[in-house]
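Undergrad: For reference, the chains in residue letters:
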Amino acid sequence: MFTQQKVYHPYVGPFDPCPPVRIKTYQTPPQLYLGFQPPGLPQFPPREALRRGTLWPALFSPYEGRRRDSAP
Amino acid sequence: MWVYEKKLQYPVRVSRCNPRLAKYLIEQYGGADGELAAALRYLNQRYTIPDRIVGLLTDIGTEELAHLEMIATMVYKLTKDATPDQLREAGLGEHFADHGPALFYHNAAGVPFTATFIQAKGDPITDLYEDIAAEEKARATYQWLIDLSDDPDLNDSLRFLREREVVHSQRFREAVEILKEEQQRKKIF
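As they're listed, the protein sequences go chains A and B.
The opening position of the first sequence corresponds to residue 1 in the working numbering, with each subsequent residue numbered one higher.
The opening position of the second sequence corresponds to residue 1 in the working numbering, with each subsequent residue numbered one higher.
Isolated chain A, as found in the complex (with noise of 0.2 Å):
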């Protein structure tokens, strides 16, 4: 299933000064897969696009932000 979100599990090394964390994530969004935007593809209503930064479904990237007291 296609996600914008990628995930890794780094190295935890047996010293780390920090509680580890053992999944990390990084961003993906869509402009990396879409290549030259086709022709006719489906468009949001109006309002809904202004209010998105988009017109096109293809290109809409949610980001919601990770909790503030989780590292990045």
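Treat the hints as calculated values from the structure; they're not laboratory data.
Any given hint could be a false lead.
[As the list claims (entries may be wrong)] Residues from chain B that keep clear of chain A, each with C-beta distances beyond 10 Å, as calculated:
id, residue
1, Thr58
2, Ala140
3, Arg159
[Said to hold, decoys possible] Short, incomplete list of chain A residues facing chain B, as computed with Cβ under 7 Å:
id, residue
4, Tyr33
5, Gly53
6, Pro57
7, Gly65
8, Arg66
Source: prediction; values computed, not measured.
Cβ atoms here follow ideal geometry from the backbone N, Cα and C, with glycine treated the same way.
Position chain B relative to chain A; hints supplied.
TA: Relative to the frame of chain A, chain B by itself:
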């Protein structure tokens, strides 16, 4: 020539007075990957890019100025009624010493804006690759700002700005494809 519309591109609402957040947001005002750098970079590159791409740089460069205005509005709202004490506690004491209540073009660490933040090489592919990188860096900056912010209204505007970076990156990538040509040709290299 530009035509000014006396409204923001997207509404900016701030839930509560929080000068600390303003200190972080200023990164997108006068930082290396901020909106000022973006606008100046694109609008300057227009003169030495093939005709087909000039309009794109004009459009995106102009939109960056609209984003700059949104960021300025956020910073202003977050700080406008703060006392010197509050500003000092928020890490803005040094800023206040130099600029009082004014905004200024520097990054979150106080480094002033400089033209060395941007580049124009006059080689179209080189310049567009810089522009794509600039959009991705600005997108990442918005992610970190959203992570730092606990203001839901402000985050709504920041998400809009992040989405615009995504769209701009897409358009610059398409500009590269236009300049590469050879797309439709069956050619074996």
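Undergrad: Now, for every hint given, state plainly whether the structure supports it.
TA: Each hint, compared with the structure:
1. Thr58: It holds; Thr58/B is separated from chain A by about 19 Å at its closest Cβ, greater than 10 Å.
2. Ala140: Given a closest Cβ separation of 8 Å, the condition is violated.
3. Arg159: 6 Å, violated
4. Tyr33: Check failed: Cβ of Tyr33/A comes no nearer than 10 Å to chain B, outside 7 Å.
5. Gly53: 3 Å, holds
6. Pro57: 12 Å, violated
7. Gly65: 4 Å, holds
8. Arg66: 5 Å, holds
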